[in-house]
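There are 4 protein chains.
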Amino acid sequence: MSAPKKVVLAYSGGLDTSIILKWLQTEYGCEVVTFTADLGQGEELEPAREKAIMLGIKPENIFIEDLREEFVRDYVNPMFRANTVYEGQYLLGTSIARPLISKRLVEIAEATGADAVAHGATGKGNDQVRFELACYALNPEIKVIAPWREWDLTSRTKLIDFAEKNQIPIARDKRGEAPFSVDANLLHTSSEGKVLEDPAEMAPDYVFQRTDNPVTAPDEPEYIEVTFDKGDAVAIDGKAVTPAEMLTKLNELGKKHGIGRLDFVENRFVGMKSRGIYETPGGTILLEAHRGIEQITLDSGAGHLKDSLMPRYAEIIYNGFWFSPEREMLQALIDKSQEHVTGTVRLQLFKGSVFCVGRWSDHSLYSEAHVTFEDDAGAYDQKDAAGFIQLNALRLKLLATRNRRLK
Amino acid sequence: MSAPKKVVLAYSGGLDTSIILKWLQTEYGCEVVTFTADLGQGEELEPAREKAIMLGIKPENIFIEDLREEFVRDYVNPMFRANTVYEGQYLLGTSIARPLISKRLVEIAEATGADAVAHGATGKGNDQVRFELACYALNPEIKVIAPWREWDLTSRTKLIDFAEKNQIPIARDKRGEAPFSVDANLLHTSSEGKVLEDPAEMAPDYVFQRTDNPVTAPDEPEYIEVTFDKGDAVAIDGKAVTPAEMLTKLNELGKKHGIGRLDFVENRFVGMKSRGIYETPGGTILLEAHRGIEQITLDSGAGHLKDSLMPRYAEIIYNGFWFSPEREMLQALIDKSQEHVTGTVRLQLFKGSVFCVGRWSDHSLYSEAHVTFEDDAGAYDQKDAAGFIQLNALRLKLLATRNRRLK
Amino acid sequence: MSAPKKVVLAYSGGLDTSIILKWLQTEYGCEVVTFTADLGQGEELEPAREKAIMLGIKPENIFIEDLREEFVRDYVNPMFRANTVYEGQYLLGTSIARPLISKRLVEIAEATGADAVAHGATGKGNDQVRFELACYALNPEIKVIAPWREWDLTSRTKLIDFAEKNQIPIARDKRGEAPFSVDANLLHTSSEGKVLEDPAEMAPDYVFQRTDNPVTAPDEPEYIEVTFDKGDAVAIDGKAVTPAEMLTKLNELGKKHGIGRLDFVENRFVGMKSRGIYETPGGTILLEAHRGIEQITLDSGAGHLKDSLMPRYAEIIYNGFWFSPEREMLQALIDKSQEHVTGTVRLQLFKGSVFCVGRWSDHSLYSEAHVTFEDDAGAYDQKDAAGFIQLNALRLKLLATRNRRLK
Amino acid sequence: MSAPKKVVLAYSGGLDTSIILKWLQTEYGCEVVTFTADLGQGEELEPAREKAIMLGIKPENIFIEDLREEFVRDYVNPMFRANTVYEGQYLLGTSIARPLISKRLVEIAEATGADAVAHGATGKGNDQVRFELACYALNPEIKVIAPWREWDLTSRTKLIDFAEKNQIPIARDKRGEAPFSVDANLLHTSSEGKVLEDPAEMAPDYVFQRTDNPVTAPDEPEYIEVTFDKGDAVAIDGKAVTPAEMLTKLNELGKKHGIGRLDFVENRFVGMKSRGIYETPGGTILLEAHRGIEQITLDSGAGHLKDSLMPRYAEIIYNGFWFSPEREMLQALIDKSQEHVTGTVRLQLFKGSVFCVGRWSDHSLYSEAHVTFEDDAGAYDQKDAAGFIQLNALRLKLLATRNRRLK
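Protein chains in written order, with this note's numbering: chain A, 1 to 407; chain B, 1 to 407; chain C, 1 to 407; chain D, 1 to 407.
Treat the hints loosely; a few may be bogus.
Since the list can't tell identical chains apart, any single copy or any two copies may satisfy a pair.
Stated by the list, open to error - Derived DSSO-like pairs: lysine-lysine, alpha-carbon spacing no greater than 30 Å straight-line:
1) LYS336 with LYS230
2) LYS5 with LYS397
3) LYS397 with LYS336
4) LYS58 with LYS165
5) LYS397 with LYS383
6) LYS143 with LYS397
7) LYS407 with LYS6
8) LYS230 with LYS249
9) LYS158 with LYS143
10) LYS22 with LYS158
11) LYS407 with LYS336
Calculated from the structure, these hints are not laboratory results.
Full structure from sequences and hints, please.
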């Protein structure tokens, strides 16, 4: 790979990406463009601009964008249409943010004439894979620079030395090692590493930043109603909201009731296991809500097909293949199923839990006439069941007859 | 189908199966054998014997058996090895009990020379299918009688009339319609019908019989440890227990903490949707525990394969195909995966929730050496990630190149 | 079910459906509408009109339609996009024709004010299921009459008697039992029953009607080129043709070279096994051609996903669920994959076989630059493979380390 | 990776692996152990011994083994139980040989105290992945050396120079570039590269080495009978044979009739497409035979489950994960299905094709009593079909009613 001339860096404004910024300038002598996105991580973005300018970035090379609506509309919502969880439980809060960041990195590179992009993910994790696969899928010519895999700044001491030598300001609390590593966006906050590395040990209380402790959460359940249109949540308690507003509101409710904590050991795509603490307050509510509305609006053929493909869809997203034919094919299948996933659910929020306790819809397939224990006025002929069972049993009888014959 | 001469009836001792008993005697003039099983439904069985004798059943034709250990060991535990849930959430508490009852019905029929079996399931539900498929799979010659699909006792009034005419004692509270219908065993209690038929309406408090209300559950979390051996829970807080003892103990804990309530609309195999309230206290804890121990003992190849087949496995059980080649094939696959699912998890129980908060095992695949943020002493070479990504990206690059060329 | 007043009958003009026609008139006293479709079965349709008139059908109640183009365009082609085979080998020639016939039956019923439709499929086969599921899916109020399941004309003698009593003309060769039963359309001819009922016995030569004997087929291979656009065959040897023209032309070629014979024992949806002789000359060529063009235009992610879902898609079609959400969802996935399945294949036809021997496309993903044994000018860095392997091996190493530790 | 001290080399005795042998000695100064296996590639092995001795290998370090029986019994046969084909058509002849070679490499390393193994696969192909994943899965400490990824002998000229400088004898026909590359074992011969690199161009006749040209093959069909026991072919024309004898015999028959040629473009695991010519004469016959016996001995539940998992199983083998939990899990499922796959098929071999034309078995599930067009003496009640259809249709009716209501 020839040396990059102009690099778009995914820049948070924090110490680590500031070091990367400077390292790119010094190591490659290249022009740096910074890209800082608001995906709902809960940090001010303007300090990133000041810091970038201080590090010598030209104003026209500083891109700061609020991507929250696009994030929820085009990434989070499509994923939730599939009731997606990785390895049974994880709501993919980190995974789903990477494709959008990568897409903007590539677009900004193309707009600014940059030949490379750079990210701050390490060589041990999934994020490097997600960033790079997405970038290459969108621009096969782009160079991707992953400083953590390249440089020799392999200890905290060396990083701090580099920062000091290069006049990068160091916040007081960044001098030492953080007790664990954090990633956040509108969907979730993840914490991992250091004090969390022993999966036998309970995560200490101070790890949780995004959800109140269920023990101290309100002592009475709260009830809310979420309305869906074609698989996406569009209104809460009857009030229409935008995608990002919906997730923001559900996050507030989830935080208050201590909903969405997950202590998890997962299999990384790069082959090792890692332990993470995930907090996904709004997403956890959204998953239960979506399942609830599907219960009455999706028939079994559609539902079972979706369910059987969800693990694969989750794996594709987790592994970083959002921009791949197989993800797009599965999305087409999933989206097709959502045409009638329209209606409202009532949810109970209480001390760490969310339960669907009611659901209704003009699109409902639930037929009280058929299911009733009362007289059904001929909606269903119980005699049909005999034939249904006989033909379903036929192959089992033939098997049993064969097996008995051979004994 | 020629008339049965001797019928083994799945007999609870309650009013409905007593009416069936009498109806079989009068309708077919056949000898009746009663089979009453303790699957942990929480009812005394001896009254069933007295009632059977009173209804003219010969003592040698009365079979009363405690099947709790067999139920958990050979049905519940194998199912939980797959983390099985139907349609995302239901733990299959009713479905998993039917094969065992059917197996004993057929075995007793063969032992007593009966040519038929009978059950008390209605023509609208799944249970008729489960009973009959299982019976036919075990004995292709057996006749199965489903009185609810045959007789004309189509209203509560007619049933009560029949009972009175035939000197069947009627408990005071059985004269009127029950407000909903209940099924129970060691794994769960289900409630459905009548007051629960509108899926928009919240289930009234009095429906819940098996779990305390989370609101009034203890205000402090309780922590327990569950130990697994080859996928099955074998010890709690360090104390070895039998399969049924384990589930009984987890049920007590789950009840106390209000764990395992589910308000659910599901797709029946017979084609309609129905709404049920399920309470699965111990099972809900067991599922979380099993997932927790798999997190560190199962590698991603095994785990993802299992996960992708679980929905199908659940559907097979739900639909009543326990004794089918496909269930046995999947079981072979699942059991193969459990050879190292051995170790202990710590669980937090609190007001309706159960969370795995720690897990450890001699069989653990978690490698702190590999995942650590600290120096890993060469366990993992971050440079490898570059090649890994490049080759995973190759087809995406070729796709992007093709697609750009054609624009 | 109340008695039908007006029935649309799927009418071939042959003896059996003529008997049904008369039986409907006499049994139900209802008005009959006949629907006769040309799906390429190779029979004249006008005699059906004359016969219908002779049997008292009003001219405005006689519908005769050429559906060949619609059949191939909307049913056969979508199915071939998935390389669909049932149970490894069967090209679903009967299954795929039923939905279209059903669709027109329902549409004609709605246009003529009929409240019922009727078909001539027996109670043992798959076709009754396919017809009826399709009709109910398109019109949930329609009645479907299946005379073979209702009447008492249970032997050839009784049928002939009924025909004679009702002045239905009987062709000389229809008096006796046919030696086997035939179904034909543009995609295939199937033969089953009678002389074919012993699956150990080779099918006699006279069963084959649609393909020449490979032994006497031309002694030299013939080469053709088939061009695809978005997954559908659109030109042969450079000449654009319509969908039905394409299949007709491939049928001629396949017939000449003895291609597409299959002696098969399959599992019917109704639970039994049956043996059929299938001749699918054009379809067999089309399958090989489509696979060939996908080889260079589909990437592995898309191809493997499609392949893994094909068996399910085939089962859905075989079982009669063409008009179901799950088929439509899978179709959306499959169609999404075909956007670049455009290009040309060369095929060799010779004595019962068809082989793809060349393929090329502007949409090709094949990169000689990458795969070459020669110098690849840096297209591919072999060093990347080391990292790729190391990370793919990591979990296997961790497994092996664990397993050795425990020995 | 520290330098290896003693290396077991997969040694064919040919020029390339002789160069590797010498290169290992000179580059690493390490002791070399050679392992030469007979997997049915059709070459004498003793010349490899002489050549190894000539290149300075100690006699006790030369391992030459006939692995043909183990190859077919423990690798080919288990794979064929699943009717395994990769990407619809390829019988995995190369893939399935690699695990066995790797297993012996590791075992010999452990027996001789070697710390490394080496193979002659290039950095662009799948074989490097298969060798290395298998070795690491069997011994996580082993070093694997892949000279083609390391050395600078990047052209034919450099290789020949190296050979000449090191007194490695060069056969006259090995001086120039071979027109294509060949791999062979008892299951297949593959040819790829050079003259085959353009997938639009027909493969020249001289590429085919393992099968006679169908055009000149015998003009009359030949019929054979193959008998299976629990899924494996055990006798031909009534004569019991060992696994390797079976495949050898089928290879002779397939060769004679020109069976098993495949011109194929496949997706390599390393991300690119490649074109290969495969000749799998015996395997192609075996696949058709196995499908034929499964047709009557496997029920639909078992068959459809197997079919749906086969693509994944094939991918796992192709990608080199034979020694992985997921392959072993799938094998357990597949093997479970084969318990009754016992019986005999008759096959027709003719000019490039093989067709199953008859099959019979004591384990047959085919019931002429059920399927017959004649009177079935009550084996099957056609009325049952009505109920079967009604309940299968119920959800479709509910869907149609919903969709009509919303129009």
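Okay, the hints, checked on the actual structure:
With identical chains, the CA atoms of LYS336 and LYS230 are at most 30 Å apart both within one copy (9 Å) and between copies (20 Å). Taking identical chains as interchangeable, the C-alpha atoms of LYS5 and LYS397 lie at most 30 Å apart only when they sit on different chains, with a minimum of 21 Å there against 73 Å within one chain. Taking the shortest Cα distances, LYS397 and LYS336 sit within 30 Å of each other only across copies (19 Å), while inside one copy they are farther apart (38 Å). In the homo-oligomer, the alpha carbons of LYS58 and LYS165 lie at most 30 Å apart inside one protomer (22 Å), although the nearest pairing across protomers, at 59 Å, exceeds that limit.
Proximity of LYS397 and LYS383 under a CA criterion of 30 Å is satisfied in both settings, with 21 Å inside one chain copy and 18 Å between copies. In this homomeric assembly, LYS143 and LYS397 come within 30 Å of each other (Cα to Cα) only across copies, at 12 Å, whereas the closest approach inside a single copy is 63 Å. In the homo-oligomer, the alpha carbons of LYS407 and LYS6 lie at most 30 Å apart only across protomers (26 Å), although the nearest pairing inside one protomer, at 77 Å, exceeds that limit. Taking CA atoms no more than 30 Å apart as the test, LYS230 paired with LYS249 passes inside one copy only; the shortest distance there is 20 Å, against 43 Å between copies.
In this assembly of identical chains, the alpha carbons of LYS158 and LYS143 lie at most 30 Å apart only when taken from the same copy (26 Å versus 32 Å across copies). Only within a single protomer do LYS22 and LYS158 lie at most 30 Å apart by alpha-carbon distance; the minimum there is 14 Å, versus 44 Å between protomers. For the homomeric pair LYS407 and LYS336, the shortest alpha-carbon distance between copies (18 Å) is at most 30 Å, but the shortest distance inside one copy (50 Å) is not.
The structure is consistent with each of the numbered hints, conforming to all of them.
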